[in-house]
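Full structure from sequences and hints, please.
Chains A and B, in that order, give the protein sequences. Numbering of the first sequence is given in numbering that gives the first Met the number 0, commencing with residue 0 and proceeding in unit increments. Numbering of the second sequence is given in numbering that gives the first Met the number 0, commencing with residue 0 and proceeding in unit increments.
Derived by calculation from the structure, the hints in this document are not laboratory data. This structure is a prediction, so every number in the text was calculated from the model and none was measured. Hints should not be assumed to be uniformly reliable.
To be verified - To give an idea of the chain B side of the interface with chain A (calculated C-beta under 7 Å), a few residues:
hint	residue
1	86
2	270
3	300
4	304
Unchecked claim - Pairs of lysine to aspartate or glutamate, EDC-like flavour, derived with a Cα cap of 20 Å:
hint	chain 1	residue 1	chain 2	residue 2
5	A	309	B	11
6	A	76	B	284
7	A	309	B	284
Beta carbons: idealized from backbone N, C-alpha and C, even for Gly.
There are 2 protein chains.
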Amino acid sequence: MRKDSMKLVTKEWHFQLALNAFVNRGYGKAESEDMARLCEEAAVHGIHSHNLIKALHLDDLFGSRVGGTRPNAEVLKRPSRFATAEKWDAQAKLGPSVGWSAIERCMEMADKLGVGIVTIDNAWHYLWGGAYVLAAARRGYFAYTNCTAMLAEVAPHGGKHPALGTNPHSWALPTEPVLGFPILVDWATSMMAMGRIQQLQREGMELPKGVALDEQGEPTTDPAKAKALLPFARHKGFGLGLLNELFAAWIGGNLPTQRGQITRAINPVQEKRLCTFFFQVIHPDAITGGSYAQGRTLEENLRSIVQDIKGHGNQDVLLPGELEARHAELTREKGGLIFTEAELMELREIERGLDYEL
Amino acid sequence: MRKDSMKLVTKEWHFQLALNAFVNRGYGKAESEDMARLCEEAAVHGIHSHNLIKALHLDDLFGSRVGGTRPNAEVLKRPSRFATAEKWDAQAKLGPSVGWSAIERCMEMADKLGVGIVTIDNAWHYLWGGAYVLAAARRGYFAYTNCTAMLAEVAPHGGKHPALGTNPHSWALPTEPVLGFPILVDWATSMMAMGRIQQLQREGMELPKGVALDEQGEPTTDPAKAKALLPFARHKGFGLGLLNELFAAWIGGNLPTQRGQITRAINPVQEKRLCTFFFQVIHPDAITGGSYAQGRTLEENLRSIVQDIKGHGNQDVLLPGELEARHAELTREKGGLIFTEAELMELREIERGLDYEL
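This is the structure in structure tokens:
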């Protein structure tokens, strides 16, 4: 972001705006607060792709406007034979409420049992998976989540037609005491997001090679012709994206190409159009070996390893999660959430809409 | 492999050869059998990079020839407060013995508790991680392993100097009843293996761009000048490779650039030069939701999802693990293990060496 276009808003104003916007759409106060908290976390960490503006856009396309979410839905717990694993039916509840509860429950199970898993069926978009795992890593845990994305936009490696979601994976590790921030490995399994392709189209730019296929399944560098995204690293990204679809097959997902095809009319009761989530937390005591070279403590060992990786001429390397942490630091320094000028205009637009609608 | 260069050997001959070769190097019968089993699995699945020839090469470089392994070492179990997680000290035992035991123990824990984790310190190379997770997936489990590779050959994204291993990840899923084979997502986190670069050098070929850096940390396409591998997909592959180094930081690993620097002389007791392993098995009952669209069974749901991904013009897509499964099928048809002519010559050489040495 160019510095001259950085605009500040207070956290309080932003939280209230997000809360009001979702309450105004018929959601309950608690679930709207959970959404506001997620949007705040995204803004704090500079995740422009999954902030409040995106959240409302998703709700337009897949949520309250089309019957894709169920305001005030209660999450049901299905029976599970294992104390380490819970199975939830989110009943189309707003995603962040489910995500925050799930990562919390995983930590509780991990405290008792070393590891906790929550799988979630009939789940609506949880926006930024990184937020949930970061919350757990800040409290000292190893955390992981994957989910199926709402739309099938990615062609399998060697294929022509989009049949997988952009299916992200997010890991966060409790490195804050040593590095000052949690390591966060967090990305979608496509080369590029569809939103970025649309942005390049607006700017009259070409796509890099190997990013997208056209209607006929042929490679294209014309953003206007892009109909399918390609997975990153060929079969490697495809394999990672496929994992989410297969976890979904067990959890309760339906055909990827039908996911997100939500209107009340084409969504009879026996069909399923929503996502699945997988959350896992491991307690650090479950994997801390305790025997480190040179008699180091765990913290000293971790620091030495990271220094080794960033040594030998690698001092300019950015660790995963470092950019997000720097943005959070900048947010603290500035004393408010940072948006672009265009984003701020949209936020003001949302505010005006609320004045009118409320 | 060109068909005219395919050579067959019997499983029995190969197993005996592997067993004798390792016993001849001072290893015990049981651990040599575990190694032979691993080499057989690699050969069955067409994993030329981690077969018996590679195993002996690794033992030359890092094993019995230089004091890197401890023949007949006993694996110690460290105390753990959680019944879901065991912590082992492999004491430099031959890797496959440790890997086979670990995946077995993970399954036992998963049967009781839904999930089982074994982390392993002071671990020697386990060769092909895919073998262990495949074994668990064939028995109905979700299995995952990662490890630190013996040498630091990969530069971090944005860096110049190799400071991470090729650090593989391996997932296998119990899809055999539906697809005929387990899905296997299994690869290193570098763009290309160092062995492949050396092969291109022998053949006088250039490297593709973005695969390697030279001594000064600059990109090179000359295989003779390649000193560092690059991670796949830029920061994404780097993040995945870094995860293994950080898991290792907790488990008990030492500096990545010192790993594998094994000679008796430079390996005092307080130093640590070996790898770490992470194994995890999830019982399918821990994540099976049970509610599928159209009243499908789990198997029908899985089949429908895979058909959706391979439909719409994607029929030529190879699923992860499919090539390995086809090679295993070819092995069955031919009634023996398939090697190249050059590999068979090496195996005969190993056999002759044994005649002489035994």
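Taking the hints in turn, this is what the structure says about them:
1. 86: Hint on residue 86 of chain B: holds, closest Cβ of chain A at ~6 Å, below 7 Å.
2. 270: Holds: closest Cβ of chain A sits about 6 Å from residue 270 of chain B, inside 7 Å.
3. 300: 6 Å, holds
4. 304: Nearest chain A Cβ about 5 Å off; hint holds.
5. A:309 with B:11: 48 Å, violated
6. A:76 with B:284: Distance of about 15 Å is within 20 Å: holds.
7. A:309 with B:284: 42 Å, violated
When held up to the earlier numbered hints, the structure conflicts with 5 and 7 and fits the remainder.
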